[in-house]
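Colleague: Listed here are the chains, written in short residue letters.
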Amino acid sequence: MSTDDDKAGAVRRPDRAGMAIAAVLLVIALAIFWDTATLQLAPTYGLGPKAMPYVVAAGLAVLAFANGVLAWRGGFPPRESLDGRAIVLILGGFAALIGIIALGGGFIPATAVLFAATAAAFGRRAVHIDLAIGLVLGVAVFLLFDKLLTLSLPAGPIERLL
Amino acid sequence: MEALDALLHGLTVALQPLNLLYALIGVLLGTAVGVLPGIGPALTVALLLPITFKLDPAGSLIMFAGIYYGGMYGGSTTSILINTPGESASMVTALEGNKMAKAGRGGPALATAAIGSFVAGTLATLGIVFLAPWLVSVAVNFGPEDYFALMCVAFVTVSATFGDSPVRGLTSLFIGLALGLVGIDRLTGQARLAFGVPDLLDGVEVTTLAVGLFAIGEALYVASRRHLGEEQLEPVRGSLWMTKQDWKRSFWPWIRGTLFGFPIGALPAGGAEIPTFLSYSTERRLTRHPEEFGRGAIEGVAGPEAANNASAAGTLVPLLTLGLPTSATAAMMLAGFQQYGLNPGPLLFAERPDLVWGLIASLFIANGMLLVLNLPLVGLWVRLLAIPQPWLYAGILVFATMGTIAAKPSVVELSMLVAFGVAGFLMRRFDFPVAPIVVGLILGPVAEAQLRRALQISLGDPLVLLQSPMSATLLGIALLALAAPFVLRGLGRFKANED
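Going down the list, the sequences are from chains A and B. Using this note's numbering, the first residue of the first sequence is number 1, and each one after it goes up by one. Using this note's numbering, the first residue of the second sequence is number 1001, and each one after it goes up by one.
Excised from the complex, chain B in its bound form:
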């Protein structure tokens, strides 16, 4: 029961008044940005990076985690009430949730989403408590070649395996990897891809990329499509409370959603979309009220919302134990660790148990806070949705740009910001996924360093990658995961031809 001891110790850290305050700020910000369209948890963490630079690492990481969890809660409110999901993982929630709101059952839909998120978040955080120490004990024996192989798996799963199009996912990833190369090489001091521009020697700032892609890209995209019509905000009518029947119909979907979400999030499989879709189709098959599906079935909100939150918690397992981010927000949190010179992994568990376990313990607290914030106070958050769109997006752009202006007010940096914004717009328009580019920028240099370290130890013998059984297995998995979508697509085409 070492894990429980460590967790109890972490609770003493998380319960310090200042850390409680950070958690509260985090969940408030997270819920707000989750509710607001056009701004999400990844962008918020990116904006806060330059501001939190001088703060205490434990406190700001607790705040970032609060933002991550809060964003998941807030996103469901938006998808239920206006049918425009704040993030792709809430897409499924909108299917039944918005129908429920239109039928005057918005209250119970919001309630089952919030309580389901709480149940899933708590169970999944318990999952972290027990899974993390075990993974750490495995990862302690990892050499640099094993880490490199593991990162290859993450690259492939994030970009190719589960997206719509492996070509577009890999394109996004490789642009990220290319951006990660810019600047002075950490091992030899050589300037790469700087093209004689002094501003580029420090490399591409994560904040600049994230703000450009997420804030400016999104604003350009929404503005360019405004003439196509806007979605209506459904007012919350009727009681917020769930009936006995609602509770009964929500309970098992919550549990099943958690069981889908946590392992898929923890596996480095990347993305919360898969478990939410799995949960939705499962509930649809198991329900005793099939006639309600498509017209507002509560199971279709309860299950996917639980899956969504559980997978968000799950992604923290590879992030904390291996330093492996599998979502855009997790990648931004890794950048948060890096800015304090901390590298998540087994070493961090050994050297800074107070920080790691304080962070994990604070997740339970954040979850509790979020339940309170989202059930009775949901009306307050809904009011955020009434901000007129022009001022909302203008304000988002002002705040988003401010981070870069404060950090590096040079023409080069600001032009890069706008260029990333245009790239973000084009990626949305042509349906390229955005997360792989962020993961590529942040994880690419780490993967390169591990590979070069491995080859330095082996005196340049590349076979070291295959001699370690762990690394050989992982590289095999990466290859399979890369080939799978192409093979499966081929099979699908074959089938289609047969019909």
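Next up, chain A with everything else stripped away, as it sits in the complex:
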């Protein structure tokens, strides 16, 4: 992903981010094509399960080409500058959430970390306060949905105490 933005009114030049999008679409199309081609199955009446994936893969390949042409001609919409730190913070929050849940840390601490990371991405500086708010919110959500509505949320040490 490139962060350079096309200034409106500038000379139209190939859009690298747009070319990358076209390349990703082409990869998806090839992956669908490959998966379908390696599918083993018995003959059926009419259309088998292979027809639709081939159509979708072909469509995606054509669209990858069309997007590539658009990007080459500079036909992608102009974009404003981007705050990369905010994106890293939110995605980091999610990575931590997935890690905590996978390692059995439970729903509440995972939620608290996501809450604090997102708040920081939106410009908050008081990480400790936000972590505390996240913990309280996590406990409240856990009590409401796990105990009251009997949804099963992943439990760690804190959840087992409740």
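Derived from the structure by calculation, the hints contain no laboratory data. Incorrect hints may appear among the rest.
What the hints assert, rightly or not - Computed cross-link-like contacts, DSS-like style, restricted to lysine-lysine with a CA-CA straight-line distance of at most 30 Å:
{"no.": "1", "chain 1": "B", "residue 1": "1054", "chain 2": "A", "residue 2": "147"}
{"no.": "2", "chain 1": "B", "residue 1": "1102", "chain 2": "B", "residue 2": "1248"}
{"no.": "3", "chain 1": "B", "residue 1": "1244", "chain 2": "B", "residue 2": "1102"}
{"no.": "4", "chain 1": "A", "residue 1": "147", "chain 2": "B", "residue 2": "1102"}
{"no.": "5", "chain 1": "B", "residue 1": "1248", "chain 2": "A", "residue 2": "50"}
{"no.": "6", "chain 1": "B", "residue 1": "1408", "chain 2": "B", "residue 2": "1054"}
Based on the hints, put chain B in the right spot on chain A.
Modeller: Quick look at chain B alone, frame taken from chain A:
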């Protein structure tokens, strides 16, 4: 007058205390999420799907419909008071509405939006009552090939015909269709596109896609643009009440907006943007106060708001009678029907009239509730806008993620959620429409099943698609709708060169 009998019967269902409660919860939630930026009715329905799984189908569908209508009311409040429309259909409202608020006429702007939404919602729901049985009587004779052709029309209109760029719309649609292929094929039991990952055998969860695209994608997008400056919240000053003059200037725009919105919503033409733009430009041409346009003309709020609500109601016609969703929220409602094993269509009208007509009748009730909730209580909703942005978005992400954590707390599922979030962010940044991907995921497998059923009946002869006059006509329309934006663009370029 069969329709009226059915509606009266539906009213007895909708007026049951528990269903009234569901409608009330729906409109409250709907208004709240409509008012809050960064969260909309499609996301809310998606979040509620796993929670409502065990509830009574009629009740939760009534609640979903309440959320849909409520979201339309709430969205106008946000666009009038902070000029950041909660959803694209409210964009036009912001044009004049925010100017009115800045000029101290926020009260009448909110009032004409709410009353206009009520008028349009009620008239359009009446439209459903009379149009739906007729469409059902036509659709009863549809074979699988006709349904397939109809879905092709919906795919094209939702993605290509009315968007900014047919290429980007179709790209979004095809990604949705590809996601719909993942998992075990319903007809043969073959695993497709699972790449050996057991989590993928069940297919891509609608909730995971919607939460990723709408909640995480939106949060990433807003956070990445925060440094560009925030919009100010306009306090509501002065009287809420409309003067006699305001009423006079609002009445015909409401009616005209409804006349634009309902047919376009009902046609499977997709999206509420077109009728709101049409209504705005019409009012601008017809007004006796052209000098006020651009500086806060009440007609420019009344008309588009009515058009917006009428088209939302209109999209319920193809959804209920044909199982055809033409907006992201309608697609989520279809997923709601599917989770109870219900398939909207003529059969549902015959088998579960209590449910269908109860739902339609509850729309009238929801509309009435919304008028009350939005006029006197508007101050309460405005206070929601005062939640500091960091906590608002952090809270949205926590609640949004919770649905997926509760349903499937696996690393694969959560990683998919984040991947869809990144995709949603990139789609917003590069201006790809989001609705087609959701429609593709939900409607794609249905369309494939219909096509394969049609070809099984015809013993594999593809000409069956052209032999049914209905299917041939619909496929022709789909082709025309696909070609239209390219041809028209070509004409436009030709004209531009001439100048």
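Colleague: If you check each hint against the structure, which ones fail?
Modeller: 4 and 5
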